[in-house]
Amino acid sequence: MKTSFKTPLIALLLIISSAFVAKAQDTRIQMGNLDHLAAKASETVDVNVDERLMKLAARLFNDKDEDERQIKKLIEGLKGIYVKSFEFETEGQYLAADLEPIRAQLRGAGWTRLVNVVSKKEGNVEVYLQFAGEMVNGLAVLHTDDKELTVVNIVGPVNLDKLAQLEGQMGIPDLGIESPKSKKKTNEQ
Amino acid sequence: MNDDYLWDKTGEPDPQVQELEEILGTLRYQPKPLQIPDELQVPQRRKYFPWLAIAAGVLLAILAGGIWLSTRSRSDAPPQQVKVTPPEPIKEVTPSPTVQKTPELRPNAQEMVAVHKHRPKSSTPVLSKHEREEALMAKEQVMLALRVTTEKLSLVHKKTQNTYPANQIKNQHRVG
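If you read the protein sequences in the order shown, they are chains A and B. Residues in the first sequence are numbered consecutively from 1, following the numbering used here. Residues in the second sequence are numbered consecutively from 1001, following the numbering used here.
Hints listed in this document are in silico derivations from the structure and should not be mistaken for laboratory results. Built from N, CA and C at the ideal position, the CB exists for glycine as well. Certain hints may be false.
Here are the computed distance ranges between Cβ atoms for each label pair [said to hold, decoys possible]: (1) B/G1065 <-> A/E134: 40 to 46 angstroms; (2) B/R1132 <-> A/R113: 37 to 43 angstroms; (3) A/V115 <-> B/G1065: 27 to 33 angstroms; (4) B/F1049 <-> A/G133: 50 to 56 angstroms; (5) B/L1060 <-> A/E43: 17 to 23 angstroms; (6) B/F1049 <-> A/G32: 22 to 28 angstroms.
Listed below are several chain B residues computed to face chain A (Cβ distance under 7 angstroms; list not exhaustive) [as the list claims (entries may be wrong)]: (7) G1011; (8) I1067; (9) V1142.
Below, simulated DSSO-like cross-link-like pairs (lysine-lysine); rule was C-alpha separation at most 27 angstroms, straight line [stated by the list, open to error]: (10) A/K73 <-> B/K1047; (11) A/K72 <-> A/K162; (12) A/K72 <-> B/K1009.
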């Protein structure tokens, strides 16, 4: 009789383990450990838009408006956008240890550090990407300055070309990014 | 010697035949229930199958449910594909001979056509007041997040553009 229970038990364990594997492949970064910095910060930006809210928001973008249509296209496949940004009036309000849990997540789970900019004036900016095959499946940006700490996490297939196309639209700053295709076109002309 | 005994056990039996009969008689068929030896028993193999079937059934149900939910959430627009052809029903409704205001009926028909044209636009599930407020908040948050993201990427872009040309010049010097 004992053996008769083994098969369903194994099947159940397989289902549970597959759910855990799927969870592990999620590109969401847990940033809850930064919440205590809000009390010290002079300005705080906290954005938590999950997949459901993303779909709701996408409905409000007007397809007739070129700018809004582009943003809608960009966010359509996304599973979430999470931002935590703190600006402080004085230096040394946060420690490197505060960032360690986030760095630990970015060290694993298929994340690749694409860019690391070190600047004495404007702080350090690190850009991380997570790939699923050739597709970008997640983006993380970490900006650390003496008086500022910002963590951005976009979950889902991020289209960097489309993100670059948002330059200068609806308050989004001009990146000056040229996609390889547009470069080719300009060269041909 | 009479061979009848060999055929139908009549007549005198031959002593040798009788002797053989006694020896072989011990091996004759004796009706008793079938007893399969323990070594040959297939232990509980059949008990696996119902459990396997249940597990497979549960798995299939979960998979089917997941697929159904995902397809249900994706399909927002299509329900209005079944459109009633607009002008025909109006012509059928208006044949009463007593009403002779034909010039007034034509504009009505046009209005009805316009209503049908508007339907597909309103077919997208209407947001409730609460949902709309939530969606507006989410939209603002998305815009804010995109603004912050692109600001940071812009900073990276500036810094990387400032560094690369200098390196190129250095390299040119080295080569030249």
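For each hint, the structure was consulted:
1. B/G1065 <-> A/E134: 40 to 46 angstroms: violated (31 angstroms)
2. B/R1132 <-> A/R113: 37 to 43 angstroms: This hint holds: roughly 40 angstroms between Cβ atoms.
3. A/V115 <-> B/G1065: 27 to 33 angstroms: violated (42 angstroms)
4. B/F1049 <-> A/G133: 50 to 56 angstroms: Hint violated: Cβ distance 39 angstroms, outside 50 to 56 angstroms.
5. B/L1060 <-> A/E43: 17 to 23 angstroms: violated (52 angstroms)
6. B/F1049 <-> A/G32: 22 to 28 angstroms: violated (47 angstroms)
7. G1011: Violated. Min distance 62 angstroms.
8. I1067: It is violated, given that the least Cβ distance between B/I1067 and chain A is near 15 angstroms, above 7 angstroms.
9. V1142: holds (5 angstroms)
10. A/K73 <-> B/K1047: violated (54 angstroms)
11. A/K72 <-> A/K162: holds (10 angstroms)
12. A/K72 <-> B/K1009: Answer violated: A/K72 to B/K1009 is near 103 angstroms, above 27 angstroms.
Hint compliance for this structure: hints 1, 3, 4, 5, 6, 7, 8, 10 and 12 are broken, all remaining hints hold.
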